[in-house]
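A.B. asks: Sequence:
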Amino acid sequence: MSSPDLKHSRRAKATPYDKGNMRLKLILDAAKEVFIDQGYNRITLRNIAQKAGITVGNLNYYYKTKEDLLRDLLDMILKSYVDDFERVIAVGGETPIERFESLVRYLIDDLNTTETTKFFPELWALSNHDEYATQLMKRMYDVEREVLAGLIKEANTKLTSDQVDQIALFVSSSIEGMTMFVGSNKSHEGSLESMKQIACRCFVNLLFDRSALTAENEQQN
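Just so you know, the sequence shown maps onto residues 910 to 1130 in the working numbering.
It is worth saying that the hints were derived from the structure and are not from the lab. Some clues are possibly wrong.
To be verified - Heads up, simulated BS3-like pairs for lysine-lysine below, C-alpha to C-alpha not over 25 Å straight-line: (1) K988 / K960; (2) K934 / K975; (3) K934 / K960; (4) K973 / K960; (5) K973 / K988; (6) K1067 / K1047; (7) K975 / K1062; (8) K988 / K934.
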């Protein structure tokens, strides 16, 4: 995933605030690489500083503990996903269904990156022990489902709010479940393209599947 760009004038001399932001981004990018390459349990401030090319003392100016650093790292990653969602939807097509399919394809493609394949299983494991990681992971998936729900509602305005939410949950959880199979260097990585085609076809059909939606209503009643 791409990280949010820092906006500053190319010509103007960097202020201390600009330099601080650039240093902070350097640290967070380095922490992300270490997190992905070594896992959270092996992260130390020392190896993050080494990856960033700064001293531990300089790193301690920004973060006293790796837990504090992790929180900012997760916040940065959440923002980068939100930015990507907006970008994908903006160029995804003229109709709600086209934009919905574009987002589905993006989410499945993202599973196949080394970053996502390694990062999220680490985050899932960490969430069992770290309350902030649990909360932020929930926020990340909440945001994803909210974006999906908006597109689903646009595609079929006859759906109730409950139906929209249930379909968004099903789509999100179905895609997430592919991680261990079509992720980078996973056993069925070669099936990525066909999985995208099947997913788009099935999910779009589900938006207009009266039998499935009727069955859901009957269960709720």
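A.B. asks: List, from low to high, the hint numbers that the structure doesn't satisfy.
C.D. replies: 6 and 7
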